[in-house]
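Enquirer: Just so you know, the sequences run in chain order A and B. So the first sequence is numbered by my numbering: it starts at 38 and just counts up by one. So the second sequence is numbered by my numbering: it starts at 38 and just counts up by one.
Take the hints with a grain of salt, since some may be wrong.
For identical chains, the list gives no copy identity; a pair is met inside one copy or between any two copies.
[Said to hold, decoys possible] Straight-line alpha carbon distances no greater than 27 Å define the calculated BS3-like cross-link-like pairs of lysine-lysine that follow:
| # | residue 1 | residue 2 |
| --- | --- | --- |
| 1 | Lys115 | Lys51 |
| 2 | Lys72 | Lys51 |
| 3 | Lys46 | Lys87 |
| 4 | Lys343 | Lys127 |
For the record, the hints were derived by calculation from the structure and aren't laboratory data.
There are 2 protein chains.
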Amino acid sequence: MSKSFDLLKPYLDKSAALDMALSALSFDFDTTAPKKAASYTHQAMAILSKESYDALMNNQVKELLDKCLNEDLTTKEKAIVLELQKIYDKLIKIPSELYNENRKLEREAQLAWEEAKEKSDYSIFQPYLEKIIENQKAFIKYREDDQLKGYDVLLNDYEPGFTVEVLDQFFELLKKEIVPLIEKVKNKNHKIDTSFLNRDFDIEKQREFSSWLANYVGFDLSRGIIKESVHPYTTQLHKNDVRFTTHYYKNQLDSAIYSTIHESGHAKYEQGIADNLTLTLVGSGTSMGMHESQSRFYENCVGRNKNFLGPVFNKLKETFPHQLSDVTLLDFYKAVNKFEPGRIRIEADELTYSLHIMVRYQIEKRIFNGEVDTVDLPTLWNQMYQEYLGVTPKNDAEGILQDVHWSGGSFGYFPSYALGSAIAAQIYNHLQLLMPIEEMLTTGDFDKIDEYLQTNIYQFGKTKTTQQLLKDMMNQSFDSSYYIKYLKDKYHAIYEEEE
Amino acid sequence: MSKSFDLLKPYLDKSAALDMALSALSFDFDTTAPKKAASYTHQAMAILSKESYDALMNNQVKELLDKCLNEDLTTKEKAIVLELQKIYDKLIKIPSELYNENRKLEREAQLAWEEAKEKSDYSIFQPYLEKIIENQKAFIKYREDDQLKGYDVLLNDYEPGFTVEVLDQFFELLKKEIVPLIEKVKNKNHKIDTSFLNRDFDIEKQREFSSWLANYVGFDLSRGIIKESVHPYTTQLHKNDVRFTTHYYKNQLDSAIYSTIHESGHAKYEQGIADNLTLTLVGSGTSMGMHESQSRFYENCVGRNKNFLGPVFNKLKETFPHQLSDVTLLDFYKAVNKFEPGRIRIEADELTYSLHIMVRYQIEKRIFNGEVDTVDLPTLWNQMYQEYLGVTPKNDAEGILQDVHWSGGSFGYFPSYALGSAIAAQIYNHLQLLMPIEEMLTTGDFDKIDEYLQTNIYQFGKTKTTQQLLKDMMNQSFDSSYYIKYLKDKYHAIYEEEE
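Please construct the entire structure, taking both the sequences and the accompanying hints into account.
Expert: Here it is, written out as structure tokens:
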């Protein structure tokens, strides 16, 4: 055991306790707090955030950290120390003046983005984006090392190991295979009826169904809660208090169902973290992409699977007997799998989703290669949407301004969404080889699936990287061909039947 | 402006932010968190509690505090410094070894009390109580000064200015006037029917009614929320986020109504704190007794007033038209004012409540005068219940073991409950002289009452003591004769009609 690590522990525990409080306050603010609480609550939260930062970012911790790096550590301690090292590296390499200036800029940029989106006028946001990119390029220069250069530095923050080299291959394959697939099945699309999803569905009944569904796919309601917010998300106080939100629309039945099952996937991951990792720096999912793989696994591979939908649709018909009396399982299955090339990422279906991400990846790559000027971004964006999805945004608001991410300097983040879907398909394929998964979904028996994900992914938290998890689990690294095959098989089957 | 106070401010702000987080976590735990969250959540909360304590209890703060005491301060600064001084005095005068030993003892004593109550066996709790009293006596010795001796030291923690001398007068008057009153009207009690309160009242409808009622009496729902817990209580994150709980029983309609209106009184006080005091050491109600006066004012003086009940009962009949079709306003008014000498404090009615407190006050006084041995307490308790209330507890659980307070060393706390009722009656009498309060209650016009309480009580937080508030408001100090008169007039009127 490392003596220095023992001395480090109180600092880590304090930071974890403060972060837990901040998560709780933040979730409370989104779901529960009265509307006029904002100003004082945020004032106090700012103090707690600073305390949490100061708890780790100080000379005593830095000294102990350096000592720990030269001492014998357990696997867990080592992971925690490396995580702390990563936080230090990122902050220490950037001059604090530039760092603080940039934080201020990002706050202003977010307001500018809001206004620009509201008025659908990119020119309001462009000067801020210009400056944000300039700062990000400066950050890259400070942070570059022998391994990581340019855009890879940013990508590494969200998904270590998934460099431009890996992502280029991934997106090239998507472009080659999925763009033609969409073209091929598009003309059969009108035959799938989704109108029954827009009938009147009582919100309270939807709420009960969502709770049933979350429990059905293995979200442990004795260690978690479900609330509501406009944009669904998952957060955790610790492994025994994992919280997610969903949203209910009276005339859009599938919205709550798939939000709930998506967030249940995230939440199960957090509930599965090992006891001795929770409330530490490595006590949550290992990366954005891996997290997204768990939510997409449940939302798409499982949640839009015909076998899975058998018992679920029965329960749904029990809940809404009148509204769904004339709807068959096949009708429902097709409706929730209908694809529609659109302009808005967050409304995209399973088939076209990753193409929305491809647009953003290609643009970010060009930005950090210095190949494009920010004033030309809307044109580039619209050209790519036309090329990949066959649609052109009607204005900036539904084009280049649709996502908040860039206003906060989150470059390199988007690819994780697409990687999540691809990793989910790879894991699903792997499980098909190990167990009779289709039968299990038919009977609603998730025990073996849960146990497998728990044993091979959830429990490790951040003590293994995505690539390590995949390697240890399947003896192979990330391979996007499974995703392509999954999409082709699935959509061919759905749309062949329409012929 | 005091320079030392400016230097003190970051410490105060940090402590306030941590306390806000702890209030939020605690309320969340009682009302929202999943049931298995306890262990990790409490582990993190213990760290935050220690941080909050350390934020103020350290040498830098002590030095600044001493400097502040010799500098020019604003009224607000002075109040904050005095509050901090009070916390220091209490802790510094007691040797930390004894203090910590006692905290440990209290934790054990609470478990022993739980077991003793469960088994209705005082002998399990007696040795712990013995030791707790011994420690409290030692604390008193350390804390005594020229002004405060003996039991007064403890009373002063909850209600400064209300010494044994003041309380003796108060309780003597109660004994002289209320004990005979109860005797006199008791035999007419059977004529009042309360059975309709036990019909079936849908919980969701009760919830809606409670929300309406809280809003009706002036609880601002844009700056507060209502949840549910077994024991109703009020807490605050700050003045714009005040939270209370109530509880609903399907077959006990009055329970939620009077819990809601009682807590609304507490909550309005917290919502009325001045902007510049919230999130400071003086940013909440000035004392237990003053707080209780505000809840009792709304629960009893207002909430059980026949004029007030006019529009409220109409709304209640709208909410439960079938259940209340045969009930008149007079029936309802009498039912919610029926008195019943009982054995349990928290179930007591307005008339007998303070007699329950009198038992506890008399016993505490004898304990700290060294006039009674802990082994004799159950006998003494039962004798007093027989003498004041005409009932004898059937066992220890519904006798001496009914309250948790003593197991946590909270001696001197109980009198505040009775003082609250008495102060409420005094304020009500005062308002009757200033404004046509009965007419206002008849029409549901609370504006002038709200404005008066806001201007004369709420806004000041802890910057004025109870006695100062009363003096500034009414040009007289605490006078329990108003309370006696209020009770006698009210109950004579109700029970005369029965003759």
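Enquirer: Would you mind marking each hint as holding or not holding in the structure?
Expert: Evaluation of the provided hints:
no. : hint               : in the structure
1   : Lys115 with Lys51  : within (19 Å within a copy, 32 Å between copies)
2   : Lys72 with Lys51   : between (30 Å within a copy, 24 Å between copies)
3   : Lys46 with Lys87   : both (19 Å within a copy, 15 Å between copies)
4   : Lys343 with Lys127 : neither (45 Å within a copy, 68 Å between copies)
When each numbered hint is compared with the structure, a violation occurs for hint 4 only.
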